[in-house]
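S.K.: Protein chains in written order, with our numbering: chain E, 1 to 390; chain X, 1 to 719.
No lab work stands behind these hints, which were simulated from the structure alone.
Where a beta carbon is used, it is the ideal one built from N, C-alpha and C, also for glycine.
Be careful, since some hints might not be right.
What the hints assert, rightly or not - Incomplete in silico selection of chain X near chain E, CB under 8 Å:
id, residue
1, G160
2, S163
3, S226
4, A229
5, T231
6, L232
7, S236
8, G239
Claimed, not checked - Derived, one-sided and incomplete: chain E residues facing chain X with beta-carbon distance under 7 Å:
id, residue
9, P136
10, T137
11, A143
12, A145
13, D278
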Amino acid sequence: MKLRPTDVVVIDAVRSPLGRSGDGCFRQLNAERLSARVIDALLSRNPELDPFTVEDLIWGCTSQVGEQGGNMARVALLLSSLPQTVPAQTVNRLAASSMTALHLAAQGILSGAGDCYIVGGAECKLRSAITEEPDPTLGRVTARAAANPAAVAELLAHTHAVDRQLQDSYALRSHERARRTLQEGGWESELVPIEGVDAHGYMRLIGGDEWLQEPISQEQLDGCRPLLKMDGGSVTTGNLSAAADGASALLLMSAERAQLSALKPRARIRAMALTACDPAVAGLGAVTAVEKLLDRCNLTLADIDLIELHEESAAQVLAVLKELDLTERLDDRINLCGGAIALGDPLGCSGARICTTLLHQMPRRGANLGLAMTSAGMGQGVATLFERLS
Amino acid sequence: MLMQGQFVRVVSVGSGLYELVFDNRHDSINTLSQSCIDEFGDAIMLLRDVENLRGVMITSDHEDFILGGDAAEFDRHVRIAKHELIALLEEMKSWLSRLEQLPVPTVVAIAGDASGGGFELALACDYRVLSTNARVRLPHVRRGLIPAWGGSVRLPRLVGLDSAIDWICTGRYVAAEEALRTGLASVVVSSSHLREAALDLLGRCAEGEFDCHSLRQRKQQALPMSKLAITLAVESARGRVARIAGKHNPAAVQALDVLLEQAPLAAEQAMAVEARYYAELASSEITPALTALFRSELQTKRRAQAELKRFDFRCVGVLGAGVMGRAIAAQAALNTMRVVMMDAKDRQLVDALEETSSRLSRKVEQKKLAAEERVRILMRIRPTLCHQEFAGVDLAIEAVIEDPGVKASALAMIEKHLPENAILATNTSAIPVSGLARGLKRPEQFCGIHFFNPVSTKPLVEVVRAAKTSDETLGRALGFAIAMGKTPVVVRDCPGFFVNRVLHSYLQAFLFLLRDGVDPYRVDRLMEEYGWSLGPARTLDKLGIDTSLNASRMLAAAYPERLSFPGESALDRLRALRRLGRKSGLGFYRYAKGAGYKGLPDLGLAAELEDLVVRQQEVSDREIVERMMIPLKIEAARVLEEGNIGSPAEADIALVLGVGYPAFRGGAFYALDREGLGRFVARCQKYSELGPIYLPGLQLREWASAGRSYREWEARDEA
Numbered sequence: 001m002k003l004r005p006t007d008v009v010v011i012d013a014v015r016s017p018l019g020r021s022g023d024g025c026f027r028q029l030n031a032e033r034l035s036a037r038v039i040d041a042l043l044s045r046n047p048e049l050d051p052f053t054v055e056d057l058i059w060g061c062t063s064q065v066g067e068q069g070g071n072m073a074r075v076a077l078l079l080s081s082l083p084q085t086v087p088a089q090t091v092n093r094l095a096a097s098s099m100t101a102l103h104l105a106a107q108g109i110l111s112g113a114g115d116c117y118i119v120g121g122a123e124c125k126l127r128s129a130i131t132e133e134p135d136p137t138l139g140r141v142t143a144r145a146a147a148n149p150a151a152v153a154e155l156l157a158h159t160h161a162v163d164r165q166l167q168d169s170y171a172l173r174s175h176e177r178a179r180r181t182l183q184e185g186g187w188e189s190e191l192v193p194i195e196g197v198d199a200h201g202y203m204r205l206i207g208g209d210e211w212l213q214e215p216i217s218q219e220q221l222d223g224c225r226p227l228l229k230m231d232g233g234s235v236t237t238g239n240l241s242a243a244a245d246g247a248s249a250l251l252l253m254s255a256e257r258a259q260l261s262a263l264k265p266r267a268r269i270r271a272m273a274l275t276a277c278d279p280a281v282a283g284l285g286a287v288t289a290v291e292k293l294l295d296r297c298n299l300t301l302a303d304i305d306l307i308e309l310h311e312e313s314a315a316q317v318l319a320v321l322k323e324l325d326l327t328e329r330l331d332d333r334i335n336l337c338g339g340a341i342a343l344g345d346p347l348g349c350s351g352a353r354i355c356t357t358l359l360h361q362m363p364r365r366g367a368n369l370g371l372a373m374t375s376a377g378m379g380q381g382v383a384t385l386f387e388r389l390s
Numbered sequence: 001m002l003m004q005g006q007f008v009r010v011v012s013v014g015s016g017l018y019e020l021v022f023d024n025r026h027d028s029i030n031t032l033s034q035s036c037i038d039e040f041g042d043a044i045m046l047l048r049d050v051e052n053l054r055g056v057m058i059t060s061d062h063e064d065f066i067l068g069g070d071a072a073e074f075d076r077h078v079r080i081a082k083h084e085l086i087a088l089l090e091e092m093k094s095w096l097s098r099l100e101q102l103p104v105p106t107v108v109a110i111a112g113d114a115s116g117g118g119f120e121l122a123l124a125c126d127y128r129v130l131s132t133n134a135r136v137r138l139p140h141v142r143r144g145l146i147p148a149w150g151g152s153v154r155l156p157r158l159v160g161l162d163s164a165i166d167w168i169c170t171g172r173y174v175a176a177e178e179a180l181r182t183g184l185a186s187v188v189v190s191s192s193h194l195r196e197a198a199l200d201l202l203g204r205c206a207e208g209e210f211d212c213h214s215l216r217q218r219k220q221q222a223l224p225m226s227k228l229a230i231t232l233a234v235e236s237a238r239g240r241v242a243r244i245a246g247k248h249n250p251a252a253v254q255a256l257d258v259l260l261e262q263a264p265l266a267a268e269q270a271m272a273v274e275a276r277y278y279a280e281l282a283s284s285e286i287t288p289a290l291t292a293l294f295r296s297e298l299q300t301k302r303r304a305q306a307e308l309k310r311f312d313f314r315c316v317g318v319l320g321a322g323v324m325g326r327a328i329a330a331q332a333a334l335n336t337m338r339v340v341m342m343d344a345k346d347r348q349l350v351d352a353l354e355e356t357s358s359r360l361s362r363k364v365e366q367k368k369l370a371a372e373e374r375v376r377i378l379m380r381i382r383p384t385l386c387h388q389e390f391a392g393v394d395l396a397i398e399a400v401i402e403d404p405g406v407k408a409s410a411l412a413m414i415e416k417h418l419p420e421n422a423i424l425a426t427n428t429s430a431i432p433v434s435g436l437a438r439g440l441k442r443p444e445q446f447c448g449i450h451f452f453n454p455v456s457t458k459p460l461v462e463v464v465r466a467a468k469t470s471d472e473t474l475g476r477a478l479g480f481a482i483a484m485g486k487t488p489v490v491v492r493d494c495p496g497f498f499v500n501r502v503l504h505s506y507l508q509a510f511l512f513l514l515r516d517g518v519d520p521y522r523v524d525r526l527m528e529e530y531g532w533s534l535g536p537a538r539t540l541d542k543l544g545i546d547t548s549l550n551a552s553r554m555l556a557a558a559y560p561e562r563l564s565f566p567g568e569s570a571l572d573r574l575r576a577l578r579r580l581g582r583k584s585g586l587g588f589y590r591y592a593k594g595a596g597y598k599g600l601p602d603l604g605l606a607a608e609l610e611d612l613v614v615r616q617q618e619v620s621d622r623e624i625v626e627r628m629m630i631p632l633k634i635e636a637a638r639v640l641e642e643g644n645i646g647s648p649a650e651a652d653i654a655l656v657l658g659v660g661y662p663a664f665r666g667g668a669f670y671a672l673d674r675e676g677l678g679r680f681v682a683r684c685q686k687y688s689e690l691g692p693i694y695l696p697g698l699q700l701r702e703w704a705s706a707g708r709s710y711r712e713w714e715a716r717d718e719a
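Full structure from sequences and hints, please.
M.R.: So, in structure tokens, the structure goes:
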């Protein structure tokens with residue numbers, strides 16, 4: 001395959017380990033400092049990059065209150081070794097924020113506005129929890145519970161006939177696959193070790209995801225009580241993704257610029273899509289996004305070799321797979337390293353996190369086409385199709 | 001003047017604008033009685049025929065807007081057949097539709113409370129202008145019902161499904177600020193601007209500056225949200241609603257079903273759904289009990305409300321900054337009174353202010369209070385070490401330790417410094433008030449005001465009339481209790497007053513059950529199933545074993561024939577073991593961290609109480625409930641017979657609000673009437689050998705054999 005000069009390529013992708021929100025290993029850090037650390041790692045892994053030529057830092061973050069409030073991307077940039085002359089903006093599309101950051105950069109490259117961007121996102125979820133409720137009159141047009149992943153998951157469990165047992169076995173699969181990847185060393189190439197603390201507060205170099213330290217058993221999942229006490233409630237903390245702290249960063253360039261800089265691209269972006277749907281079934285946003293994306297590049301799901309689907313909850317994942325008729329193909333190409341149910345969900349970082357994992361897994365599993373997709377709260381969906389180059 | 005009725009008048013306010021005023025000439029409050037509804041209908045018909053009509057404003061001439069349907073109306077609703085009821089509801093509903101469909105804009109101005117039907121009426125208008133002191137609510141679920149006049153249809157279409165679920169299923173008050181935030185109120189202004197602001201808005205609407213057409217359309221249509229979103233909103237609330245409502249009152253959960261069913265329908269069909277559910281609920285078993293109770297509460301409050309006008313509370317003095325004193329001071333400050341809080345110990349005052357401050361801060365964090373309001377409330381409390389400061393108070397309340405000597409000297413000391421016309425009160429739960437009055441120079445200006453712990457949440461206050469207390473003083477004390485946001489009942493000075501006396505006869509029955517070898521946890525389980533929020537053992541743990549023991553000893557001395565316990569009771573034993581209840585972490589239950597307010601059963605308890613069992617008896621579940629409930633009813637009837645409480649209605653309110661009697665059972669006297677006094681007295685016979693607490697008083701026996709009922713009391717009262 002021949003690269004065109006204006007093709008958008010990904011040079012590299014990295015992420016921090018994910019820590020438990022609130023009392024986890026990064027409790028002394030915040031989103032800005034975590035972001036600066038992964039940006040610095042990206043720069044030092046790619047010394048050929050002249051940091052003065054970065055057009056913009058585009059960064060996802062969802063809880064834009066407190067210390068994450070005042071354009072945290074710019075703060076992260078100033079804390080990093082990027083020069084002060086590089087601009088920075090923060091974007092928010094809830095769980096799809098950092099994938100949106102990636103799309104914005106890609107659009108910049110495609111339009112010729114720039115040829116080198118750093119994108120990504122970060123979140124320290126409980127440090128600056130969303131305290132502001134949306135306008136109460138929202139209830140005139142939709143349910144406020146559309147912003148509550150557990151309630152949405154419960155509705156999807158009902159509409160898509162996904163019972164507790166199915167949800168728990170999917171959750172267990174997520175944990176087992178993530179642990180297996182850890183044991184095989186499959187996470188190493190994407191991870192940036194970061195100084196954190198252990199349970200006692202002693203300083204530690206955190207090299208792996210905190211939630212993966214202990215295996216999860218079926219008994220533990222069985223012991224979880226439903227979060228919402230509805231009749232036959234099935235969504236528990238066990239089959240819902242947990243809050244996590246983390247950051248992830250990708251370096252994007254035009255193919256021409258990559259060649260000039262002597263940087264070897266990992267993949268090119270084949271297609272992107274963005275859709276919205278009924279907020280009540282927010283978790284299904286990814287479905288329409290994927291359909292739109294495939295339509296745009298004349299492909300079908302059968303052409304895709306590897307899929308990363310952001311895991312909001314087991315019920316949501318299984319409902320999306322049912323909608324896309326992918327349930328049968330779960331074990332040969334979808335979330336083969338587990339997902340946010342096992343690792344945790346650092347909202348603003350999650351879109352970039354699944355792209356990063358996908359880009360590192362594609363060569364490992366010999367995949368040519370890889371699809372990353374995520375639903376976002378209040379009914380949106382974003383999808384990106386990557387084609388492997390190396 | 002277009003119309004002048006007994007309840008409603010309609011006047012022209014210039015250039016085609018008319019004002020419809022609710023002004024009940026017979027009472028201090030507006031309610032939607034049948035006569036009022038008739039006049040309201042006449043007014044709407046008149047307005048329809050006015051030539052060149054350009055706008056209608058609805059106001060009230062009373063302190064509150066409209067306090068809902070008339071209590072007597074509800075009594076009627078629960079008695080008539082379903083199809084008759086649906087037809088009856090149709091009448092007011094058609095007036096509201098006609099109001100809504102007037103060809104001109106409508107604006108309602110609300111000051112004070114708009115409750116139930118009054119709020120439903122406001123929902124039929126185009127714009128709602130609220131004063132800052134306004135509150136609205138749909139309290140129907142608290143009476144086992146749902147809104148009947150289109151409230152469950154119009155509300156979600158105006159403020160959205162989530163808020164409507166919250167307001168309808170809890171029946172709580174919604175303050176002006178929240179009404180504005182949710183879009184229910186178009187404007188909120190201070191009460192002095194209310195009428196003017198409403199009129200200004202109406203004028204502008206009439207000029208076409210604001211478009212009321214789209215507002216009306218929204219109310220006529222299905223909710224503009226997907227079926228899935230409706231399901232999500234309703235089902236995600238179901239667990240929470242069921243938990244708050246408890247298992248005995250189905251109305252809140254039914255309200256959810258009503259909303260689920262009618263939200264996707266146009267208004268007309270939606271109204272039919274509401275009526276169908278309403279009629280169903282009105283014929284349920286618990287609704288008559290709850291409506292009777294509501295009626296009693298309204299009567300009790302109305303009596304006291306009339307007194308409120310007689311006394312303008314500017315400044316209240318509180319002596320003693322202990323648990324009760326500081327809470328009373330905080331409650332007064334919260335209700336905009338200035339407070340002088342005196343204590344002999346500086347440390348105590350500092351603690352009191354710190355506690356009040358942190359409680360208010362928590363409210364600010366929970367967004368129940370504005371931050372600047374917190375400071376304003378704190379500023380109203382002036383701590384002091386000297387009596388002289390009492391020279392400027394309108395009412396002084398003493399809350400020092402429960403010791404007759406200490407209280408008497410404290411009262412005498414305050415009285416010296418009080419202004420001539422100020423009233424003096426004691427907050428005692430046990431000491432005879434008339435005795436405390438002996439050392440005072442103005443005993444006619446003295447009474448008891450018994451707040452319950454915790455003051456902020458317990459809704460009841462016993463106002464104790466001592467031998468020499470004047471009517472004037474009593475009235476002002478009632479007004480004070482109302483101003484504190486409480487429901488007062490008047491009791492005469494007898495040991496234990498009403499609440500503690502009746503409660504202890506109930507707890508006495510519990511101790512007798514333990515003596516017969518019944519497991520306390522079993523009794524708790526049964527009584528909680530019966531409807532008490534806490535069973536007797538948990539109640540004792542909450543009150544404190546030592547506090548309960550002191551109270552029971554005091555009552556035993558006063559009523560030795562009934563309320564004394566022969567030998568060592570479980571209370572004596574727990575006290576000796578220093579198991580003092582929730583405060584010490586161990587009583588009947590174990591209160592470990594994470595065990596919750598109900599505690600965990602303690603496996604060691606049975607062994608500790610084993611040797612107190614006099615005879616091991618087989619007692620059935622049914623017998624346990626009967627043995628618990630009979631003494632309470634008998635003692636309540638005795639207090640009434642002695643004239644120590646004013647009426648069965650007040651007694652039932654005090655039982656529900658003060659003792660914790662299950663509301664859906666309507667209260668002791670309601671239950672006695674329902675069962676029939678004759679049958680009740682016969683049932684008592686079965687237990688007569690258990691002791692004199694199972695022996696009904698003379699009046700109860702006489703009334704039973706004469707076939708009378710306590711309903712007659714009310715009739716006698718009104719005659």
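S.K.: Confirm or reject each hint.
M.R.: Hints and how they fare:
1. Interface restraint check: X:G160 against chain E, minimum CB-CB distance 2 Å, threshold 8 Å, status holds.
2. The criterion of a C-beta within 8 Å of any C-beta in chain E is met by X:S163, whose closest approach is roughly 5 Å, and the hint holds.
3. Taking 8 Å as the C-beta cut-off, the interface hint given for X:S226 holds, the closest approach to chain E being about 5 Å.
4. Of the supplied interface hints, the one on X:A229 holds, with its beta-carbon coming within about 4 Å of a beta-carbon of chain E, less than 8 Å.
5. Taking 8 Å as the C-beta cut-off, the interface hint given for X:T231 holds, the closest approach to chain E being about 7 Å.
6. Given hint, X:L232 at the interface with chain E, holds; its Cβ is 4 Å from that chain's nearest Cβ, closer than 8 Å.
7. Residue-level restraint check for X:S236 holds (minimum Cβ-Cβ distance to chain E is 4 Å; threshold 8 Å).
8. Residue-level restraint check for X:G239 holds (minimum Cβ-Cβ distance to chain E is 3 Å; threshold 8 Å).
9. Look at E:P136: its Cβ gets to within about 5 Å of chain X, closer than 7 Å, so that hint holds up.
10. A cut of 7 Å between beta carbons decides the hint on E:T137: the least distance to chain X is about 4 Å, and the hint holds.
11. For E:A143, the interface hint holds, since its Cβ comes within 7 Å of a Cβ in chain X; the closest pair sits about 3 Å apart.
12. The interface hint given for E:A145 is met, as the beta carbon of that residue sits about 4 Å from the closest beta carbon of chain X, less than 7 Å.
13. At its closest, the beta carbon of E:D278 sits 5 Å from a beta carbon of chain X; the interface hint therefore holds under the 7 Å criterion.
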